[in-house]
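Visitor: Residues per chain, in single letters:
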Amino acid sequence: MNIKWFKYAAPSTFYPLAGRMIPWFWVSAILFIGVGLYWGFFHTPGILTDQKEYYRIIFPHVASAWMSMWLYIVLVGWALVGLIFQTRISFMMAEAVAPTGAIMTFIALVTGAFWGKTSWGTWWDWDPRMTSELILLFVYIGYMALQSAIDDRRRADRASAVLALVGAVTVPIIFWSVNCPDPNQCTALHQQSGMGKVDPDIVIAMLVTSLGFWLYSFAIIFQRVRNIILQRERNTRWVMELPEVKRGK
Amino acid sequence: MWRGFTTMLKRDLVLAMRRRTDILTTLFFFIIVVSLFPLGVGTEKEILRKMAPGVVWIAALLASMLALERLFADDHADGTLEQMLLTPQPVALLVLAKVTAHWLLTGLPLVLIAPLVGLQYHVGGDVTLVMMQTLLIGTPVLSLIGAIGAALTLGLRGGGILISLLILPLYIPVLVYGSGAVAESMAGGGELGAYFQLLSAFLILALVFSPWATAAALKISTE
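Read top to bottom, the protein sequences are chains R and L.
Counting along the first sequence from 1, when you hit position 26 you're at 26 in this note's numbering, and nothing is skipped either side.
If you want this note's numbering, it's the 1-based position in the second sequence plus 1000.
Because the hints were derived from the structure by calculation, they are not lab data.
Just so you know, not all the hints are guaranteed correct.
[Said to hold, decoys possible] Pairs of lysine-lysine residues, derived as DSBU-like cross-links and limited to a Cα-Cα distance of at most 35 angstroms, are as follows:
no.	chain 1	residue 1	chain 2	residue 2
1	R	Lys117	L	Lys1050
2	R	Lys246	R	Lys7
3	L	Lys1219	L	Lys1010
4	R	Lys7	L	Lys1219
Looking at chain L on its own, in the form it has when it is part of the complex (with noise of 0.2 angstroms):
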């Protein structure tokens, strides 16, 4: 079972690697959204700090959304994913390795990137790690989160624009307690240990469920 995680995990890094821009526009796309703030707000330090958790999660949220739409699309496309479906292997399995690639190629350069928001936005040292230390356990529940939206409007007509009406409403509790959390650590500590607990918690939920319910819109969205 396990080798089906990881050989699925493998090919989509593969395939991804083969076609480098494609990661390449998410990044940018975070950097491009996040750099346009202060050109429409103003420059002024006290603004940009204030803004700063709000600016990351929501540049954080449409970036992930956006490459949402090719998680299954190019698969359906060639006819690989039906394939997928009819192997042995459990397809929330397989959901599993594909979500799982799709965020070590989408989610986890945010998170790498985020010193340079943290720069950009001055807010210090301690405050771009818990920025960092946020991101990286949300953006892969904005991702199993995704994936259903991705599932439920695959090969339909206006596609991309469809996921961001299903997806960003269910976005909300990460929103709130990821940027929650970096205005408390930038407000002066705080306890911060109960946000991270429930964005674990968000996390440990989107794990058990998501994956399941992808694979059901997936059988649904193919037959």
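Next up, chain R with everything else stripped away, as it sits in the complex (with noise of 0.2 angstroms):
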């Protein structure tokens, strides 16, 4: 089978692919947020009598902290694939990512709070886990900040997708530090997470709400890449004989 794997690599090919694509994930993003939602509201039993009702938060919570990690590795992903390959596509995926990875990252932190104030009595804790958080959110604020720092548009995609790698190397170090800030006892505060001990409704919730929290991702990642390619090809000819960009005149 002949399979044209660059053929969507230009933004030519690439803008209306994106385009056609993005009313079906916005569709199943809502179908499976939704189901998610509800089957975790509504058909979960309530075991954790000690944490009542609120422990449901943990759909959204774990959904964005799970997209917040992903979109990172997939920022990288683009920035590496961007450096080697050269390709314009690669490094708008990586900027289009980054805003969303941040987001993500803020309603884990957001939705964490509101849990830790109702189970544990605080808004926060400088617990490892939700420091990690932290510091991932201030890493996307780095990337996204050198980004538009930058107005020579083929430096910037360049210089941020070094600082992604750079971040790569870094991350898992900086969040194994605070895991384990004295090395001769290493102990974590939050609990761990276990799986197999969850009740096969909750997990069943949580895996469906997180893949709507990905497709949702996916749809607007798409948007804002079209965006992107609007704005940085804006000179080419095929641009300007876009239907919606004739319209616009």
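With the hints as a guide, bring both chains together as one complex.
Guide: This is the structure:
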């Protein structure tokens, strides 16, 4: 089978493809998040009697926390592909992923604060996982700050890609150092995730919600990447001949 | 190859010696920050002792970060940097020489002034010694990581404040184990070996990867 792997690496072919895919991602994102949250809120047993009902914030919390970390890996992946193959679309993808990653990190922190207030009695605790998530937010912000501080697009793309790679090497070390400030005795305070011990209904609802968050990320990142393409390629013939661009004039 | 390294090192040191205030600024920044904390939080001996490890290390992070902007800026402004990138010498080696000079001028003075902080915060001789040792291993790591940030933000508007946004999160492991070791020695011994091994591991990692990443960043920034 002859697949043209690089056909959609050109902005002019990727732009319409992304446009066709976005509605599907939106529909399925809403569907999955709706079903996941409905299942989580109404079809899971109230087994954690000591935690009452507020544990149900776990569904958006875990989904956004997973996405916040996954999207950083995606960002680094696109940065790496961009540096190796010098493809414009990869840098645009990396640029488009960053704000969504930062927002997911922020949602994870805020929902975590609400959960912490009700179950631990405090909005914030310098617990390793919370601190790691906060640092991840700083890393995203640093990336976006560098990206927007450089006027020359080519330099902005490649400099922020190098920063993302440096971050990819150091972030695991940072997380580990935060997790284990005393190298002689490592303990984590945040409850360890034990998927096996959790009620299957909760796991299903959590996975479905996370999938929904992922689909949402696809939809919003593709929309953003389309905007970036229009902005950067505004002087090319194919952009000028797009019906939506013509109509605006 | 080594001659390229030593020539660059000597050149940077000579240039700095011709303008000594630059070195002293960093040093006095460190001393002032450290001296402001007791004024802000009160001068009780117990509180000061408890705070000392964190204060010393955070002041060191800020001081070494502030000095970073000048690492490549002058050479970039007068075009020397581009000539350096064009030489047949490996760029990473020249970067390593510049970072070494930078550390000798901004990091080493902090290590040497640490006993003064020890006196200000009533921490005692043994702890001061540990403080100096951790600074000796840790500050080169700060200079090496910071060089990447300095290279990426070369010649940008508001470069200084941008560096802090990029680099401070990456300083966290050094901060955690640097101040951790001091606090541990203050709590009465314990095993300090693990802290020093980790800090040394960071130094080795930074020595291997940072000049290389900095060289790549410099090429991106100057083309």
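Visitor: Determine for every hint whether it applies to the structure shown.
Guide: Comparing the hints with the structure gives:
1. R/Lys117 - L/Lys1050: Roughly 28 angstroms between the alpha carbons, so the hint for R/Lys117 and L/Lys1050 holds.
2. R/Lys246 - R/Lys7: Satisfied, since the Cα-Cα distance of roughly 25 angstroms is no more than 35 angstroms.
3. L/Lys1219 - L/Lys1010: 23 angstroms, holds
4. R/Lys7 - L/Lys1219: 30 angstroms, holds
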